[in-house]
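Taking the hints into account, I'd like the entire structure generated from these sequences.
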Amino acid sequence: MNDQTIDTAPRAAAPAESEVAQLVSEITKRLTYSLGKDPSVAQNHDWLTASILALRDRIIDVWRRSTKESYAHGRKRVYYLSLEFLIGRSFADALSNLQMTETMRQALARLGVDLDAIEPIEPDAALGNGGLGRLAACYMESTATTGVPCLGYGIRYDHGLFKQQIIDGHQVESPEDWLSFRNPWEFERRESAYQIGFGGSCAAVNGSAQVNWTPGERVFAVAYDTPVIGWRGSGASTLRLWRAQAVHPLHLEMFNTGDHMGALTERYRAEAISNVLYPSDTSPAGQELRLRQEYFFTSASLQDLLRRHLKQFKDVRLLPDKVAIQLNDTHPALAVAELMRLLIDDHQLDWSEAWSITTGAISYTNHTLLPEALETWPVSLIERLLPRHMQIIFAINAQFLDLVRRSDEHHAADLASLSLIDEQNGRRVRMSHLAFVGSHTVNGVSALHTNLMRQTVFAPLHKIYPQRITNVTNGITPRRWLFGANPKLTALLSDVIGEDVTDDISRLSKALPHARDAAFQERFADIRRLNKERLARTIKQELGLTVDPTMLFDAQIKRIHEYKRQFLNILETIALYDAIRAEPYRDWTPRLKIFAGKAASTYHSAKLIINLINDVASVVNNDITTRDRLKVVFLPNYNVSLAELVIPASDLSEQISTAGMEASGTGNMKFALNGAVTIGTLDGANVEIRERVGEDNIFVFGKTSAEVAREREAPRATEEVIAETPYLADVLEAVATGAFSPTDRNRYAGLIADLRRDDRFMVLNDFRSYRDAQRRVSERWLDRRAWWETSITNTAHCSWFSSDRAVGEYAERIWRIPSREAKPA
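Residue numbers for the sequence shown follow the UniProt record's numbering, so the first one is 1 and each next one is one higher.
Bear in mind the hints are in silico, worked out from the structure with no lab data behind them. There could be a bad hint or two in this list.
Listed next, the in silico DSS-like pairs over lysine-lysine satisfying Cα-Cα at most 30 Å (straight line) [what the hints assert, rightly or not]:
hint : residue 1 : residue 2
1    : Lys311    : Lys322
2    : Lys163    : Lys540
3    : Lys607    : Lys703
So the derived label-pair ranges between C-beta atoms look like this [to be verified]:
hint : residue 1 : residue 2 : range
4    : Thr282    : Glu533    : 41 to 51 Å
5    : Leu252    : His170    : 39 to 49 Å
6    : His45     : His260    : 25 to 35 Å
7    : Gly199    : Glu533    : 50 to 60 Å
8    : Phe255    : His45     : 34 to 44 Å
As the structure is a prediction and not an experimental result, all values here were calculated from the model. C-beta: ideal position from N, C-alpha, C; glycine also.
Pasting the structure below:
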């Protein structure tokens, strides 16, 4: 079957001639009057910008209508605070949501421009590190689609997550300059600028609870708004990002005396706040900058939402009735102290009333159980940078611990574990505790994660507030991750089960009766093959490696971290490589191992794992014995656009984190929705995926979270584990002695030595179970009908993982905001 035999998009009515002509006129006007370019000299990026501006005009109409309707009805509004929004490219997504893809294609064709040629030019807005930021972006789109009034707050970083290059197998970081061609989606709102203070001194106001904080330094937070359009233009939400600017960008007297650099010091110091996503916090200066970022965007966001609230409703006491503030992880946890400061010091409320308003308005999403990922800040740093807030945090802590002491039920509670201040590690503020105590609801992001929250990191607080923790399992928007990323599959599903599947994703379940139908399986498999051919062309272009699309495409694409266990994956790959070489006559399942992901620039072990993957790829891909049966690729600079390419082409989805460590995951949902079969541990949302697709349609391996906990309490000797595990000793020896790094025989000696010393991520303990599961995958792959039945079953059962469902749960149970009656996708 060739590429033309399958529709490339969900079915839509052919655009009317008048619509195409009108769009041609709008693009040409934008090119001429907004960009100052004549069509005869316009480059592809000019056409892209003009097209985005023409499309943005359509979006603005919906945006204004949604905003006016919300204000007219006095609806409660969500303010979603997130340090990350992993947006990706917006052009194709907005075209699809407005049902304008074909109209735009025809309009540009009349202008001599190929839509497919200009779409990839749009920068991938990497304003996030991974799942947390992508989740925030999905939720923004779902609030627009479901009609939940929402404004997302974050930082307009000049440079998002670094650009990753692989040089001689090593990760090399360089700045990601997503603003190099401006951002045509945004609107600068200079009238919405707020002063943010740091340092200085505090003085009590006699006779009141108020304190006069006089900051020693001030910066401006300037707003930039981007509309986020919902499905079929049903509504639009606002993403408001803050950029830091100096109050006095130039010290003219210093400049005139010849100190040109000194005259710009204040400007550089201010602009550093919004310069880079996640600056390294390994130095004191880096820690201070990270804290400045968190307070900067939190304070600006709260000042803005209070201004909006008071303009419409006049009374700050109505805040919990009209405002829902959602903290996406602990990065905005200072919102608890900042809102208290604003209510007490600026609005003259007493403490108890301010506390009631604060806890009534704020809720908090926890995204991790890893102790090292639960933010803490030195008391001394907060006292120096935010002296008034440290006073408030001390007061919150004293009030909370006093409440616990006076409670008959909790009089014997461990106050040290409950305290907002960790006194055991140099006096640090526990930001997760601050967020927990200052919120009316705290949610986990999968059923397993939420239960573990109650049992582990928040166990002491859970005893005090047993009703506060709830669960909202993460979701993904099907508009981007199925309709946009896999239009051929969407067209097939629309053809077989009805076009209304794009408006009601729950109708995917109607594909289940077709899972065993040979003709449907063939069409489903043909679409996968076309997607694999597209990915194969990219691999050839990027890496110079030819891969066979008939191989099993086995993908692990995510942030590189020891708990996500790319290390386990590559060690098992080495074992497979050795086995193929030992028995080349066997009928091995041809397999392409696909890796992609970035390691934090200071995370030495994770960067070594990237290096190892590339070194193994270099050996395996050049071995004539295995090159048509096993290949390994590491695709550089993983981002949203690369995920949209890999996920629809993947047969197997690697979700192999150490059980109990992945809060939820969303990549697992994206793969399964597109029909990739999961191999994974019972971790995060994998548990719920198994419940929905059935035990026979997922490959589960490894220790459970309870077993992992027991193993850590009484660990077996690693040498004993290695001795009992076939192939493992040989694999470890080969890596440690430089079989894959002949130019540096000791490159991985330390990595293997650390693993032998401490198997905290269960790489050794789970190796045998993982390898057995991979052999079951190979057996299923050889039974083609069984494989495609499994694949189709995954797609049919994954509609529940829509972000529309997740937003609906937030709206009903946490934000208490009704969504529109129309059923969303």
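These are the hints, each one checked on the structure:
1. Lys311 to Lys322: 12 Å, holds
2. Lys163 to Lys540: Distance of about 20 Å is within 30 Å: holds.
3. Lys607 to Lys703: 26 Å, holds
4. Thr282 to Glu533: 41 to 51 Å: 44 Å, holds
5. Leu252 to His170: 39 to 49 Å: Holds, at about 46 Å.
6. His45 to His260: 25 to 35 Å: 34 Å, holds
7. Gly199 to Glu533: 50 to 60 Å: 58 Å, holds
8. Phe255 to His45: 34 to 44 Å: Holds, at about 36 Å.
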